[in-house]
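Chains as they are written, first to last, in my numbering: chain Y, 1 to 225; chain R, 226 to 316; chain Z, 317 to 540; chain E, 541 to 1074; chain F, 1075 to 1280.
Any given hint might turn out to be false.
[Claimed, not checked] Once the Cα atoms are required to be at most 27 Å apart in a straight line, the calculated DSS-like pairs of lysine-lysine come out as: (1) F/Lys1178 / F/Lys1125; (2) Y/Lys195 / R/Lys286; (3) F/Lys1181 / Z/Lys422; (4) F/Lys1125 / Z/Lys422; (5) Z/Lys436 / Z/Lys422; (6) R/Lys286 / Y/Lys69; (7) Y/Lys87 / R/Lys263.
For the record, the hints were derived by calculation from the structure and aren't laboratory data.
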Amino acid sequence: MTHAAATVDQMRPPYPAERGLDVYNTKLGMWVFLASEVMFFAALIGTYIILRFGAPGEWARPGIVLNIKITAFNTFLLICSSVSMVKAYAAIQDGDPKKMRFWLLLTILGGATFVGIQIYEYIHLIEHGFVPSGVREGSELAELVAKGTLPAATMGLYGSTFFTMTGFHGFHVTCGVISMTYLYLTKALPGKYTKQSYGGIETVGLYWHFVDLVWIILFTIVYLI
Amino acid sequence: METAHKRPNYILIWVYLAVLTAAELGLAFELPISRNWKLILLLFLAVWKAALVGLFFMHLKFERWNLRIMAVIPLPLAVIFILAGMSEHIW
Amino acid sequence: MSWWLPLKGSTFAGEIDGLFIAILVITGIAFVIVEAGLIWFVVRYRARPGRKAFYTHGSTRAEVIWTAIPAVTMVALGLVSNHYWVQIKGRNSIPPNAYPIGIHAKQFEWQVTYPGPDGKLGTADDFTVRNQLHVPAGRPIVLALSSEDVIHSFFVPQFRVRQDVVPGMDIKAWFQATVPGTYELGCSQLCGLGHYRMRAQVFVHTPEEYDAWMKRAAQGEASE
Amino acid sequence: MTTVAATAQVAHGHHDDRPFIRKYIFSTDHKIIGIQFLFVSLFFLLVGGLLAMQMRWQLGFPGKPMPGGGILPETMAPGGVILPEYYIQLVTMHGTFMVFFAIMPLLVGVYANFLIPLKIGTHDMAFPRINMWSFWSAFAAGLVMLASLFVPEGAARAGWTMYAPLSARHDYSGAELGQELWSISIVLLGLSSILGSLNYITTVINNRAPGMTWFRMPLSVWALFITAILGILALPVLSGAAIMLLFDQILGTHFFDPPAGGQALLWQQWGHHMFVSGMNPTLGSSFMVSTLVIAVPSAVKTFNWMGTMWRGNLRFTVPMLNAVAFVAMFVIGGLSGIYMAATPVDMFIHDTYFIVAHLHYVLFGGSLFALFGAIPFWFPKMFGRLMSEPWGKIHFWLTFVFYNCTFFPMHILGMAGHMRRIYDPTQYDFLKPYQPMNEFISISAFLLFATQIIFFVNFWWSLKKGKPAGLNPWQDNGLEWTLPSPAPHGNWERVPTVYRGPYEFSSPQVPEDYLPQTRKLPGDREPAAVSAAH
Amino acid sequence: MKFTGTKPAMPKIDMSEEPKCKAKYTAAPPTEETVVVNPNGTLANVFVYVKSGLPASYKAPAPSGPVTLDQDGCRYHPHAFGIMVGQNLQIKNSDGILHNIKAKGTKNRPFNISQPTTMTSTRTFSAPEVMVPLECNVHGWMHAWLGVLPHAFYGVSGADGSFSITGLPPGTYTVEAWHEKYGTQTATVTVSGSETKTADFTFAGK
């Protein structure tokens, strides 16, 4: 099957595959894992939608509690890291491990910065009084609630859903950064990835793009709507 | 057996994504249209962006049909799940 | 000790029992056929030396038959159940003239709010009694159920009525008691350590008795 | 054709020189992991049973000091008298241990791990190390759950279904740490099951032996494969819910907290049988249809099992006896399920002992009888020896009798309106006449529990002293019976080639009444992959 | 502990669901105990304690004897009382029917235990807190109030409206009187040597 196509098809280069689906185990396993991840985030997003629909009153308007500008930058950063990841993948397919290492390192840096900015955002929010249980008493935001700028009835749900959704996404990004760093140190630097063997890069790439994809959805529904 | 694929221009996809993100921001905060329209347009843009990532960065566009099915199976389930939850509150 | 269902104390008890008996007959027949068949096969086809089992790849016709029969039975049962279900719990099933009683459940008591002499809830003459539900027989009663804390469930076996009481939701349920007497109301959803004691007395009065009780109770002498 | 390099890793065969700890403790061998699951879940089966015995004591003899109950601390049973708060812990933990730590791992953890690679003909799971992690996170989950019984305020106490907000707020349940440990344990277990399912799916799709086409795959593997697919889609949702519950408990979020706008019913979104929970009545009707739809395939399955027995040649070994009992009991559980599918009847019997009876006919009858058949059946392949047949038969008959004495009368209690999860039925006047029946059930339950000692003794005795089993003691067709007993590490030196489906019994092609999947008869074609590769 | 103004009528408790408890009230039907005015016009169940004035170094060991709270006739006896940090509280069920005791303290770890039959349970409190509400969820009318203090200088007004606090070292103290309905009042008392000082509080009914 592959003999003729392999030389031409840039997107399906020959790779030692398994009998069943003609895909190697790790890649298939990652797709199965991503299927479960889709359901996990569907549960979180579904809960958010149910609670927001059934909430006893208006939801806080976007931009009052959350800092949109810095998160927009963060979104852009994640998109950049996604493209650098796919560049790393393309580089190793072309048999250029040096270029691959460069792009992979860039991806790790992008991801780490994303996490850093998110931590900064959390600290900032908590200082202003936005916490998972809602609004902390006596804080800056509590005054806004008292003035009626923020709806008192739904802030508890807002805090619960915001921190759970973004927190779990941040956790996924962190896991991605850790595993990419691990692969960078143990596989990429010693030169174990070659034109014929790059499964780790492709698999971790799939995960990384998925995390980016989830953020695209989360950014829209949490920060913009 | 199947058609040969050429590698897509990843930088172009990246530009698309960046522009769409900017469009989202402008739509959400600058455009004077009703909330419902905003909601629909924003969701549309988000799905568009997600599709770009899925199809090109994750190569779904170029995979075999059986792997593509694997990736697509949970999506309708997730949507049904969310809709079922919403229907509880609309009656 | 009775081996059968409890007394039929409400209007739809008969319908529910009828459905129960219908299912009992259907499942009884199925049970006898299957278990007798099993025993027959076990005896008839036990291993005997020198005999080989029959080699078969199955029969499509048999498969179609034994899929179709349960399917048709189930659909019929579903249609009948749904018919009654709509009458009992359907959105528009509550009779318009139903007499309102408020039930507020909390760990671990039932607070029953009566409409007072004017027959309307939410007016000044309402009064609340702990753990005592008095209802007139022969008149539809609509319960307005609410919960203070966790999920409870309103259950009177003789009325065949059960309705979960969910915090944060206003739920309505109706029934019409038929037989005057004293019954028990229990909580049938685990609600904490006193769940088993979340019990109230249910008094079904004749309409005259009920009016007399209402008069006394409205003056603060609710106790029986 | 692309290369098959990745599967061609050389099996170690018989000479396995790994140190003990890698071989039996942190093993990546799917068979060892299956056996580890077997031991751990049998232990939890015992724990769950012990908890049930205490419940049955209280129900049969309310308020009387339990024999031996004096060893329990004052917070559970002062003077041996079970406290209501301890009783609801028993209810909760019995359900939790039995469903999540005994039956699920026994059915899936043990047999998916042990059987999938053996039955489809591969050396191990697709991801042996993930498989090991799957076991150890399940083990950790079990330990956390067990530990929760011993924390100061006691274990979780909101029923194994953990309905919020009772489970979400400490002031409602009266337990703090116990509830939190429950959630943590369930999240860990969810993770374990996701990792397991991931492995099963990948292995079944990718690593079948040459000639093992989808339609030649044994039904047991099919069932485990479908279970894994359902698991990979449903478990993340359940884990997500458990995490939200945990956050409500420790972070003060409000997912299930109605006063703050949370939704109590959010927890139940995924449950069936919630017709009376105050939801949309039309939704109730659609749920009813879906429940009724389950009845049809169940009936078809039953008829198929009977059709299999029809004109067969049944050898009444212990596995066969249990298998037949399984069908008989599954029928009762299935038929009693129909009462629940009819919504108006369900309204009456919901949350009564009728449901308890149904659940136990499905879970005990439908699972444990299958397991009491499966354990002796694959015991030889696990340990190289056969379990004792005479003791197996004694165990079977006693279990069969006491099981029915325990659970059948519960239908009658349910019809009387006996609520579930109540500590003392004599509090209700209408239940007082049923106390003799409760006593009868309790005594039967004690005897049922005592009978299981026979099983455990037989199990341990046979490990050391059982009759050595040959290659294929049951004359079955599956690939695993071509291996020595016990199966060696790495299973096959070279994976076998499959020529036919797994259920060719009494085939006219051979004189024997079984025909192994790997036996090549004249006229059998070589599978394409094999002919190409070699 | 004087009481002025109109004496509020206490609602009767309907104990018909617990015949065992109902039988214990043969003379008069039981009433709630939110405000108990004695025949001599004084107010009972007022908790009085030394709020401040003790030297910072003052430390009192918890007495070995327990404080007993009895549940009899589906009511708590006593209705308001004090206990020292670390001292045993013996909770006794004399009714032989299910009671549960829910302590809803904020500084002390809340607890919720049940007593299905005649039995005694023991609990201690780890931090000073005035007052810890106790309630029974099976019998919604059952309430008791518990003051947890680091010293022994507290008392409760009884059937004659009086209370006594003994053994105070010389000094100037702020004494607070607490009532579940009428709130708190404070008085300053100076004690020098072994003398007896009187502090009067007056609560006005509304």
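Does the structure break any of the earlier hints, and which numbers would those be?
4, 6, 7
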